[in-house]
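Enquirer: Take a look at the letters that make up each chain.
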Amino acid sequence: MEEHRVELTVNGERISSATKPEESLLKFLRRNDFTEVKCGCEKGECGTCTVIINKKTVKSCIMLALQTNGKEIWTAKGLEKQELGRRLQESFVNTGAIQCGFCTPGMIITAKNYLDQNPLPDKEEIKKAISGNLCRCTGYKKIVDAIYAVAVENQK
Amino acid sequence: MSEFKVVGKPMPRDDAWAKVRGDLKYADDFSLPGMLYAKVLRSKYPAAKIISINISKAEQLEGVRAVLTAKDVPHNETVTRFGQSLEVGKGFEGLYRVLADKKVRFMGEAAALVAADTEEIAEEALDLIEVEYEPLPGVFDPIEAMKPGAYLVGEKNTNIIGEFGCGQGDIERGFAEADIIIEDTYKVPFVDHAYLETEGGIAWIDDYGVINIRVGSQVIEHFRDVADVLGLPHNKVRYIGTMMGGGFGGKEDITVETYLALLTWKTKKPVRLVYTREESILCHSKRHPFVMRYKVGARKDGKLNALDAELISDAGAYPYLSPWVTLYATVNAAGPYCIANVRVKSYCVLTNNTFTSANRGFGAPQPNVVYESLMDELAEKLNIDPLEIRRINCLTTGKALSTTGQIFKTHVALPEVAEKAWAALGEPTEFKDENKKIGRGLAIGLMSYGRMTFLHDSSRSFVKLESDGSVLIRSGIPDLGGGQVSLLCQIAAEELGVPMSRIKIYYSDTALTPLAGTTTATRQTYMSGNATLKAAREIRKRVINKAAELLNVNPDKLDIINEKVIVNYDQSQYLPLVKVIKACNTAGIELFYVAQFNAPFTITPDLSNIRGMTFPDFTFGAQAVEVAVDTETGQVEVLKLTTCYDVGKAINPLSVEGQMEGGSIYGMGYALMEEVIMEKGITMTPSYAEYIIPTAADVPEVKAILVESGGGLGPYGAKGIGEPACSIIAPAILNAIYDAVGVRIKNLPATPEKIIRALKKDFFKK
Amino acid sequence: MKKVEIEFTINDKKRKLSVKPNDLLINIIRNDLYLTGSKYGCGIGECGTCTVLLNSEPVLSCLTLAITVDGKEITTIEGLDRGDELHPLQKAFLKNGAVQCGFCTPGMILTATALLKENPNPTEDEIREYMRGNLCRCTGYNQIITAIKSCENKLKTS
Amino acid sequence: MNQFKYISPKTKDEVLEILKEENIRACLVAGCTNVLPNIRDKKIVSKVLVNISDIEELKGISKEQDKICIGPLTTIAELINSEVILKEGKGLHQAAEQFADPIVRNSATVGGNLVDASPAADMAVPLLALDAILKIESVERKRDVRLKDFFIGPEKTILQEDEMITGIEFESSNINKNGYFIKLGLRKAMAIAVASIAVNLEVRENKIARIRIAMGSVAPTPIRLTVIEEFLKNNEVNDGLIEEAINKVHEEVDPISDIRASEEYRRYVSGILFKRAFEKLTL
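Protein chains in written order, with our numbering: chain A, 25 to 180; chain B, 8 to 773; chain C, 76 to 233; chain D, 7 to 289.
No lab work stands behind these hints: they were computed from the structure.
Each hint should be verified, as a subset may be incorrect.
Some chain A residues judged to face chain D by a derived CB distance under 8 Å, without partners named [unchecked claim]:
#1 His28
#2 Lys44
#3 Ser48
#4 Lys67
#5 Gly68
#6 Glu69
#7 Thr74
#8 Cys85
#9 Met87
#10 Leu90
#11 Leu108
#12 Arg111
#13 Thr134
#14 Ala153
#15 Ser155
Once the Cα atoms are required to be at most 25 Å apart in a straight line, the calculated DSS-like pairs of lysine-lysine come out as [claimed, not checked]:
#16 B:Lys647 to A:Lys147
#17 C:Lys166 to B:Lys275
#18 B:Lys64 to C:Lys89
#19 D:Lys194 to B:Lys767
#20 B:Lys275 to C:Lys88
#21 A:Lys80 to D:Lys65
#22 D:Lys49 to B:Lys64
#23 A:Lys147 to A:Lys79
#24 B:Lys32 to A:Lys105
Footprint (simulated), chain D over chain B, 3 or more residues, beta carbon under 8 Å [as the list claims (entries may be wrong)]:
#25 214-223
#26 639-652
#27 699-711
#28 759-767
Note that the Cβ used here is the ideal one computed from N, Cα and C, for glycine as well.
Can you build the whole structure from these sequences, using the hints too?
Expert: As structure tokens, then:
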């Protein structure tokens, strides 16, 4: 079996680990204990495995681990290290945007990256921005409210 | 007690931080050293005879640790239960086959299990298992399956596995006296729960030979069923329930647990099994399709005076909970209306489709689609406003359910909820696009919370005050995302005057926590809420009595607030809670208590003519929508959505709103886009690209209106909301579509094509 | 440090591993193969709890370099029973109450199997002599000796 | 046993060499949005996975005098952010905005969407209406292929095993500036088109001077509706004309029934989509 190494930084920490050519970034990250990256469909159709790679959101189930060699990845766990990330977490918790919580890591990563680039969206824009992340519990309202609340803070 | 301190306040959930940080370990996030990976071999045919299974090649593959087939399962044929420990009659305990044996009943039925060193090896081993099938014709339509001489799905001589009836009055006379009669047949499809977390778990054998199963399950009481399959004493199987990534009824039946137990038992190693999305859609239970023939009669003034309903549910390949679901539908068939003459007959039928079982709503949403559509048809024909006709006919406090005659002793918030939901739509949306027509729809409904009373339901909870004033709760309650666990903390915090941060709860572990019963039937707020309330109040009493002694005041003058026992007429007089606890400990007064709460018990009714109480209580609600229908493409956009329920008391408004908002969208998907399409038993929609659920871009802003009558049987007068929240929206949307373009959809989902076929009949003729 | 590929048989299963030249056998057995029956007691060969059989000879795995077992056969406590059938010595230890805290038991039993292989019916003195490298703090050794004695001539069969 | 290899070349020429070398064994991986699902479904087995996602020379959008050049590795998100595309190929821009969902748009590439050759391909439809030309290269030869000659069946193209798309071009012209795209899906995001249309139109003194009509999900491949194009050319724009055209659309499309819609509905709605796109461009 052909083995390769991937070297990348995840949440600011250097990771170097073996992988196989066909291993998805999702499987690779989960194998390396980043279990906050969730596996919902493995076809890029639910968004629970969303991570940020070089400032872009990516569904990690539809990217080869090897393609991320040398890149900078952020998962939901890394959000605590960033001011906007912490504010989003706070807002999700206080707004009641979390029910079963399984979509939350992907959802909040998507929101973080979106607000980084669009600090002052309205609710309709937020809905579009998270339309690649499915949620079955909340009906999205409190998720949109939580993200919007942070956007409103941004105006101050 | 004085006014609430914690209850009724919007509360960030106990589990929210772990979830938002990604720290929470769901079933698939947990590993053990030396763990094996399991895969399931699934039947390629919906109906076939298994001639032979050859596993020798798979066994020889390096890294394969076990390959199991039906013959390796000690008790392969058992019965499905859902946690009940009492006899409820054979009618409800259908055959449950762990691994397919001789006859395959549905496509994707498990035929063999593999455990191997890696997932890849396990998958490769599946390809090496040789199964020789002899395909059989099968039957895929419940109506066909009911006919004499139909293909027999199981081993019995009929496919009908449940037959129920109820009603009152004289149906013939009722129709004779009606000024108007409407007769129609409605159909609803298979629906998937589509929770983001697929079914999964891990099992291991501990030092003492106990099989531990860490799994996302709504029913940890299944430890008994797993033990029975292996022929072990019940105390040799332990369930450790994880927080679930959504349940909605789909994790109510056994999913991976038995497979895990068998494989870990065989290999003596930890084993993990997690379904792929395809597997989940293909092989776990679905919501029941129903064929519903209705006939309703009313007088000119709009008063209903006759309803005759025949309900036929597709149970799929195995009974599971189908008889129960059908029974729920039967009792719900006449909706929240007073009708003097009612007859309901229902059948539950096996087919070679994927098996159906619990799905949020449990038999309430299906008939609701019909009776609420028919109410609007009547309203139109009699030229009465949709809200008015519901006012004229709806149940009120003290009235009786028209199907079973169960009397509503608790508050019935009708027509109040309907008026509020309807009014909340506000001014009609202005629209410029001439191809889009605006329409509005209203629907009301009821759904039980708590299990059927003849199941003699009960729940237990352990509450303890630690010597430092922190609180420990132990409850078997599983949490599927609704905040069930956090709710118990809130109740204890309220009663014992300590902040949420000082409360720790251990939940969902059959070895450590008193069994709280299943997180199903919208029962946990009611059942485990009351059990926890009872336990907490017992501790509270003991603390207050001791404090009264020390302060030398009358106990009823004392309250516990912010960890102080305070004299309520003189706040300067108090004792720190910790001090009182010390005094109790010194005096040998126990500050822990296990309480059991029992629901009302009734005897099993005559199922052919169900009368009297079958449920502890019901939740009443109404939903209204405004839609825009594209008259050229048939696309429907929901512009406004309001939902109003009498929740009795919202213990945590954030969670209650969450259920109402989420339930609305769950139901909106049912109305507009969701269908597990099966062609001759083959699932055509095994992915999120084919089984589509609403995205954030598809949803309107849901307006949730909470009515708090305080009239519920739960703690502080709370009612259950989880399932009722999703059970009414579909017909509201259908009514709105009709209002917009005059098309009455009688076959969910209301896809653009169905609407266009009705609008452009002449085009589709050619 | 560069890793070396070694291949050996443990409890009748072939295993391939890449190990560092200074890896100790006890760590490989416990941490890489998850065979935690072999215990780590002192790390300097004073207590015998880490005893395993290397080509049927008892060795202290805390003093053995992993690379040296390349091509050899190892037996740990997990390899003694035959499925549900316990090894005669294991039975004897249970029967005679030779197990208290149980931490020395794996090493004890493996050493004892080696003893009875060399000397099917040893005298009590011979047993004490042979077993002296295995410390026990609970039992005072008596029931252990009795257990081993009760197995004389039983191992030929197994 | 399913054995994969992985190579990550740095330049286009290296890729072409690898394609020559490995031929059918090679599987180019760019956005990877379909490759991994196909590996999971065993539709792709034991291939040499050639990662081309880091090859800068195959990325980016540029305007060279009278033509627009799009690198095949340009992501859908990059199209959305491109002023050039917005100005020179509005239909393509609209299609990009409706493509899958915001996250997938960061990975998926224009070239990838074309070579997958799905009948529903959201990029193919507007590019057909822009009459795009594909630059195709192998070590041996270079050739230019019109997109409308590129697709030969569902998931089938004329691309040879040793070839790759190295550029996508369309002319900067009045007709291309005046385009419109409509996608009809069953939900607002992550939708696969039930039917889609792109129309590019140039009107001179109220006569149709040039018109191109392309549709997705109404035939085995994304198609150009050349019969109607011919019919409409040099005609005056009026309601009667549109009515007649709609009927011709019904005849020219060749849809199938699947889980998303029936053949009849697709046929019917094709006419509606045409009418709407056409009106958008003429009003």
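Enquirer: Next, verify each hint and record whether it holds.
Expert: Going down the list of hints, with the structure as the test:
Look at His28 of chain A: its Cβ gets to within about 6 Å of chain D, closer than 8 Å, so that hint holds up. Given hint, Lys44 of chain A at the interface with chain D, holds; its Cβ is 7 Å from that chain's nearest Cβ, closer than 8 Å. A least Cβ separation of about 5 Å between Ser48 of chain A and chain D falls short of the 8 Å threshold, and the interface hint therefore holds. Satisfaction of the interface hint for Lys67 of chain A is found here, the shortest Cβ-Cβ separation to chain D being roughly 5 Å, below the 8 Å cut-off.
Hint status for Gly68 of chain A: holds, given a least beta-carbon distance of 6 Å to chain D, under 8 Å. Because the closest C-beta pair between Glu69 of chain A and chain D is about 6 Å apart, less than 8 Å, the hint holds. At its closest, the beta carbon of Thr74 of chain A sits 6 Å from a beta carbon of chain D; the interface hint therefore holds under the 8 Å criterion. Using the Cβ-Cβ criterion of 8 Å, the hint placing Cys85 of chain A at the interface with chain D is satisfied: the shortest such distance is roughly 7 Å.
For Met87 of chain A, the suggested interface contact is upheld, since its CB lies about 5 Å from the closest CB of chain D, less than 8 Å. Because the smallest distance between the Cβ of Leu90 of chain A and any Cβ of chain D comes to about 5 Å, under 8 Å, the interface hint for this residue holds. The beta carbon of Leu108 of chain A is not positioned within 8 Å of any beta carbon in chain D (closest approach about 18 Å), and the interface hint is therefore violated. The beta carbon of Arg111 of chain A is not positioned within 8 Å of any beta carbon in chain D (closest approach about 21 Å), and the interface hint is therefore violated.
Evaluation of the Thr134 of chain A hint against chain D yields a held restraint, the C-beta minimum of about 7 Å falling below 8 Å. Interface restraint check for Ala153 of chain A: the shortest CB-CB distance to chain D comes to about 6 Å, inside 8 Å, so the restraint holds. For Ser155 of chain A, the interface hint holds, the least distance from its beta-carbon to any beta-carbon of chain D being 3 Å, beneath 8 Å. A C-alpha spacing of about 15 Å is found between Lys647 of chain B and Lys147 of chain A, which places the hinted pair at or below 25 Å, so the restraint holds.
Pair hint Lys166 of chain C plus Lys275 of chain B holds up; C-alpha atoms about 20 Å apart against a cutoff of 25 Å. Of the supplied pair hints, the one linking Lys64 of chain B and Lys89 of chain C holds, its CA atoms being roughly 20 Å apart against a limit of 25 Å. Restraint check for Lys194 of chain D and Lys767 of chain B: the C-alpha separation of about 24 Å stays at or below 25 Å, so the hint holds. Distance restraint check for Lys275 of chain B and Lys88 of chain C: the Cα-Cα separation of roughly 16 Å lies within the 25 Å cut-off, and the hinted pair is therefore satisfied.
Taking the CA atoms of Lys80 of chain A and Lys65 of chain D, the gap is about 16 Å. The hint holds against a cut of 25 Å. Our distance criterion of 25 Å between C-alpha atoms is met by Lys49 of chain D and Lys64 of chain B, whose separation comes to about 23 Å. Our distance criterion of 25 Å between C-alpha atoms is met by Lys147 of chain A and Lys79 of chain A, whose separation comes to about 22 Å. The straight-line distance between the Cα atoms of Lys32 of chain B and Lys105 of chain A is roughly 21 Å, inside the 25 Å bound, and the hint therefore holds.
As drawn, the segment 214-223 of chain B meets chain D at 0 residues by the rule of a beta-carbon pair under 8 Å; below three, the given contact is violated. For the segment 639-652 of chain B, the assignment as covered by chain D holds, since 3 residues bring a beta-carbon within under 8 Å of that chain's beta-carbons and 3 suffice. Counting residues of the segment 699-711 of chain B whose beta-carbon sits less than 8 Å from any beta-carbon of chain D gives 6, enough to reach three: the coverage restraint holds. Three residues within the 8 Å Cβ limit are the bar, and the segment 759-767 of chain B against chain D gives 5, so the coverage statement holds.
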